[in-house]
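Q: Listed here are the chains, written in short residue letters.
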Amino acid sequence: MTSRNGFSKNEMMIAASARQLEGERVCFVGVGLPNIVCSLAQRTVSPELDLVFESGVYGAQPARLPLSIGDPTLVTGSTAVTSMFELFAYYLQAGLIDVAFLGAAQIDRFGNINTTVIGDYAKPKVRLPGSGGAVEIAINARKIFVIMRQSQRSFVERIHFRTSPGHSGDPAHDSSRGWFGSGPSVVVTDLGIYEPDETGELTLVSLHPGATLEDVRESMGWEPKVVGEVVETPSPTEDELRLIREELDPDGIYTK
Amino acid sequence: MPGKVTTMQQAIADLVRDGDTVAIEGFTHLICFAAGHEIVRQGKRDLTLCRMTPDVIYDQMVAGGVARKLVFSWLGNPGVGSLHAIRRRVESEDPGPLEIEEYSHFGMVCRYVAGAANLPFFPIRSYFESDLPKANPRIVPVTSPYEDGEQLYAVPPLRPDVTIVQAQRADANGDSQIWGLLGCQKEAAFAADRVIVVVEEVVDESIIRRDPNRTVIPGLIVDAVVHEPYACHPSFAQGYYDRDNAFYLGWDEIAREAETLEQWLKEWVYDLSSHSDYVEKMGAEHWERLTPAEHLSGEVNYGDYSMPPGGAAPVGGGGS
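Chains as they are written, first to last, in numbering that gives the first Met the number 0: chain L, 0 to 255; chain D, 0 to 319.
Do not take every clue at face value.
If the Cβ cut is set under 8 angstroms, some of the chain L residues that face chain D in the computed set are [stated by the list, open to error]:
(1) SER54
(2) GLY129
(3) PHE160
The following label-pair restraints were derived from C-beta to C-beta distances [claimed, not checked]:
(4) SER205/D - LYS124/L: 51 to 61 angstroms
(5) LEU151/D - LYS124/L: 25 to 35 angstroms
(6) GLU204/D - PRO249/L: 42 to 52 angstroms
(7) PRO132/D - TYR89/L: 21 to 31 angstroms
By construction, these hints were calculated from the structure, which means they are not laboratory data. For each residue, glycine too, the CB sits at the ideal point set by N, CA and C.
Build out the structure end to end from the sequences listed, making use of the hints.
A: Okay, structure coming up:
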């Protein structure tokens, strides 16, 4: 849905996330929004970006929008197709992934992520898909980006299951963990952009055009930290909107 | 053609037994739905079904009543949402309980690697500060025996009684070649006691020997070869037919209610005698629509060493 701003919430999230990929080289991608974000970054701020898919593809050049991370279009024309062992062991675990996208059903103020269950593990109210590669991605990728709409249901004080670890809240502990990963380095929502402060707590640094602090507070389960000078996220440019609408998602599957 | 070539009915009847641990692998690509349907048709019971991503195939098999337990790492309909039949069993024991044993993708891959390599466990850098080891006590902390004493997590080997993998082609002995996404077909096959390979084409051994780097599974470990075109549908075989995304999207609606799912199973599994009936019922136009345009690989030179290298020059000659 295009708002009075002339662009949709998802288009704002995509443009804001793509700009965050400037200077990155090797990116572990998911389907849906992250895939469009990476494709946009390749065409704007980060032409050298290599796309890696957990299905075992390095250097993908998808010719169509993939529904799943195992779409055949990811294979044709890619740099390398590997076994999943190689992908996870040699690319991810060995530290070659600069940035990876994670999704979340629930996220807490330190960027801990639940994708496993709502309710009790043994008797769940809602059984979610589980980790997939998320736990090892959170631990082994050098940066984690999260893109998700925020709501009282998803931004919660206490997640029901910690599938993937974020920041612990104790900087001394975080720096002694000895992993490449260290919790989300940026969370882009439909309302704004959060970055971890020195303790790892997600802190609002930017509000999207039209969004207010009130909107933010009403759509999360804790009182958010806010930087002194919250800036306004620059609107998607004409070029970004043209690429999204004409090339990356012409049917508006993920962007309407 | 004989060798190990047999029908799907025969292969499943001979090699899949009630109570078995069964892996039908394939990561999005090369998932052998036809084998799953035949297992349902034959009314196998109490199976432990293993797959990284149970996918629609295990939703169908669980609904078909063949499973006692599920071993997995990502339980969803890729790009679509939930697997409703499995969720009903897990959330409300409807129509009965389903035991689960849950890992992550890397954990599952390494379980197959440990099984294939005859190791008692496999150490990985995962699960730190996650609740997964609490949910699954078979994910265990382990310390490096060397000076650094690093803390890792171990996963146990997975050794299926039967692994069923799809490949694009094999010879009659089961020497199988795969291109496109490899998933953990190789690891799951080497880890298993019995292996069924299902292929789009059975080819002459000379075709396999022409490009040995493409051979993923040797006939040495294969018990049966089944020639079954379109056996992956709605999954896909790279270069042969596309993933049927419309089917995956439509499955969400079908599986949401137990009744519509049961009706689907009746129409597409129980009332058919084999996968060739399924292919015929789907109709030629459907397959036409899923057939991709050609995109051939380049060729490489393996070299012919039956004659001395260096063309006409005598062996050992050419120096001065």
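Q: None of the hints should be skipped; say for each whether it holds.
A: Status of each hint after checking the structure:
1. SER54: Interface hint status for SER54/L: holds (5 angstroms vs cutoff 8 angstroms).
2. GLY129: This interface hint holds because 5 angstroms falls under the 8 angstroms limit.
3. PHE160: 5 angstroms, holds
4. SER205/D - LYS124/L: 51 to 61 angstroms: At roughly 58 angstroms between Cβ atoms, LYS124/L and SER205/D fall inside 51 to 61 angstroms, so the hint holds.
5. LEU151/D - LYS124/L: 25 to 35 angstroms: Roughly 33 angstroms apart at Cβ, these two residues keep to the hinted range, so it holds.
6. GLU204/D - PRO249/L: 42 to 52 angstroms: Given range 42 to 52 angstroms: holds, Cβ gap about 47 angstroms.
7. PRO132/D - TYR89/L: 21 to 31 angstroms: 24 angstroms, holds
Checked against the numbered hints listed earlier, the structure breaks none of them; every hint is satisfied.
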